[in-house]
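These protein sequence lines map, in sequence, to chains A and B.
Per this note's numbering, the first sequence starts with residue 1, numbered consecutively.
Per this note's numbering, the second sequence starts with residue 295, numbered consecutively.
Check the hints yourself; a few may be wrong.
[Said to hold, decoys possible] Derived DEER-like restraints, expressed as beta-carbon distance ranges:
1) A:Ile-150 with B:Ala-458: 57 to 63 Å
2) A:Thr-188 with B:Gly-553: 32 to 38 Å
3) B:Leu-461 with A:Tyr-8: 43 to 49 Å
4) B:Ser-427 with A:Phe-285: 54 to 60 Å
5) B:Phe-311 with A:Gly-10: 57 to 63 Å
Everything labelled a hint here was simulated from the structure, so no lab data went into it.
Bear in mind the structure is a predicted one, so any value in this text is a computation, not a measurement.
Even glycine gets a Cβ: it sits at the ideal position worked out from N, Cα and C.
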Amino acid sequence: MRDLFTRYGGPLTAAFVALSAFWLLALVILPYLYLFENSFRPYLPVVEMGGPKDVYSLNNYLTFFQSPIHIHVFFSTILYSSLVTILCFMIAYPLAFYLSKVAKPSVVPTLFLLLLIPLWVSEILRSFAWFIILALKGPLNFGLIGLGIIETPIRWLSGFRSIVIGLVYTYVLFMLFPLYNAVQSLDTNQIEAAQDLGSPWWRIHWRVILPHSKPGIASGAVMVFMLSAGSILVPTLLASTTSRWFTEIIQQWMFESQDWNTGSAYAFLLLLLCTVFVTVVMRIFRVSLADIAK
Amino acid sequence: MSGGVDLNGVSADFGTFRAVDKATVAIKPGEFFSFLGPSGCGKTTILRMISGFVMPSEGTIHIGGEDVRDIRPNKRPTVLIFQNLALFPLMPVWENIAFGLEVRGVAKAVRRAKAEELLRLVDLPGAADKAISQLSGGQKQRVAIARALAVEPKVMLLDEPLSALDLKLRQHMRAELRAIQKRTNVTFIYITHDQGEALAMSDRVAVMSHGRLQQVATPQEIYNRPANGFVASFVGENNVFEGRVETDGAGAVFRSGSGVFRVSLGPGVSAATPAKLYVRPEQTRLVDVSPPGLNSIPVTVADVAFEGNFINIQVQNGDGRPLVVEARNDGAGKVPPPGSAMNLVFDPAHSIVLADEKVPAAGASA
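Okay, chain A solo, but in the shape it has when bound (with noise of 0.2 Å):
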């Protein structure tokens, strides 16, 4: 602070003290407490709020366990994305290992941007694209049966299959990025050391490759886990009959029972046990938050 100071003077340093305030305050902190503070009263009529009825209670976390559809809708989201999360990885791992230690380090530029590229297109249309693709006239069924891997369309437009895949693509360089900066940051000599007393590819990844990335993995992991969890956009517009997220159900409370009350708190209990489930398979993979920080 005080160096700050002395650096840009008082007026400089007002202004940056100010604006990084309210981005914390009242863009990060002030909505959260207000969502957290409605979350334990209860859903009233106008006339009725500030009434001997508005009282705090648990009554709308108590809700979510009051509804088994609700709860399974909770841990099918938790499956899939743990589902994306791993998918993710087997396609990240590859292209990290590829990008930081096989590729000449003059193209690697070129290839983050062609990685890069489809991100500066919206994630709306992306979705809708994907949409397209998976439909069962659509291209990807004219192409594999085209090529003659399947005989009759598939149907990818039903249960969980197109969230996953449209989950995949959104967040796999959420898993890439964190991966290469690990596999990158490995010294080249070890990988040629454990060739050179005998090692078999596979056992260099498991033995040198894999544990030094573990840092990288478990960021990867949390981010694409957590964005997953908490999607909507995706799950939304390329949803089947059968499959439901768990982000659907607040919006629901929100918007289509316009309950803000049980929708808060089915928020911050989607935060909560994702939270609990990442630290226990952070506990299970033997991780900590500061490995992850690094």
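We have chain A already, so just place chain B on it with the hints.
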């Protein structure tokens, strides 16, 4: 167990740059062999070709009599000790050492026992369960050696493994490496730019420059009978005189600006070739009156540096040309004061005239 390494006309090209140019050398089984040269001379490339990480663009490499052209690094009977050691930081010491055995499917208990046996061999008992980060530089060195020895290689390749250590430890590890090599009788191929290391440890040394082997010989021969000007000036210090060779009735004479000297001629030097005279500082003496039979240059003492075991005396001849005399400290404390006029003398047998050819640059000709 150990095997020799035969390089036969081996070259390495990186694009248009020729890193190694037609290297031919036969390294004997059980030998401690060093490649010595300045950085960029191609010595590391030779090591990487032997270990299989770089493919030679021409020539053949035989290890233990077997052509290794199509053998990948993980199947070669060589182990490379990297300059930065490349220990696996996430494995404890014993797993590092046993990694090569783990790869070969050896049972865990056997691996552990072997790791502890090797730790005793490298004088580091009880370190099996330590983390790599807990070790000092010298201890890491020993673990790297143990890890390499665990797979019982025919040839051990060492890429300047001592360069990161401080001077005291480096000197200690020199002796240690040499002792381990003698004990295990594995062929050691050692890469270094440090002439002291190469001379002190090796059975034979190959001096390299610009991708070419300049001389392959024992340390004594390299130092006392360098094959060319590069070897003479890269290994050790020299007083160098420019001039030309003449012959008279009694033998070879070298005529230079500093005087006319009786000399011995290096390989391929005759009166016709341009040449330089090399005299080691420790082969020169300062005297008041020059005795007969020795070459003599009148000089003035410019500066005296007392180094402890020897005394380094900077002198100048009549033209103001700096020369160096190195005298052993005999304990008498006799040091000529700066400014005194004396004679620098040297024995014709301990001076050598070498052809003054430019050391050819392999990169330019490729």
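So, going through the hints one by one against the coordinates:
| no. | hint | verdict |
| --- | --- | --- |
| 1 | A:Ile-150 with B:Ala-458: 57 to 63 Å | holds, 58 Å |
| 2 | A:Thr-188 with B:Gly-553: 32 to 38 Å | violated, 56 Å |
| 3 | B:Leu-461 with A:Tyr-8: 43 to 49 Å | holds, 48 Å |
| 4 | B:Ser-427 with A:Phe-285: 54 to 60 Å | violated, 21 Å |
| 5 | B:Phe-311 with A:Gly-10: 57 to 63 Å | holds, 58 Å |
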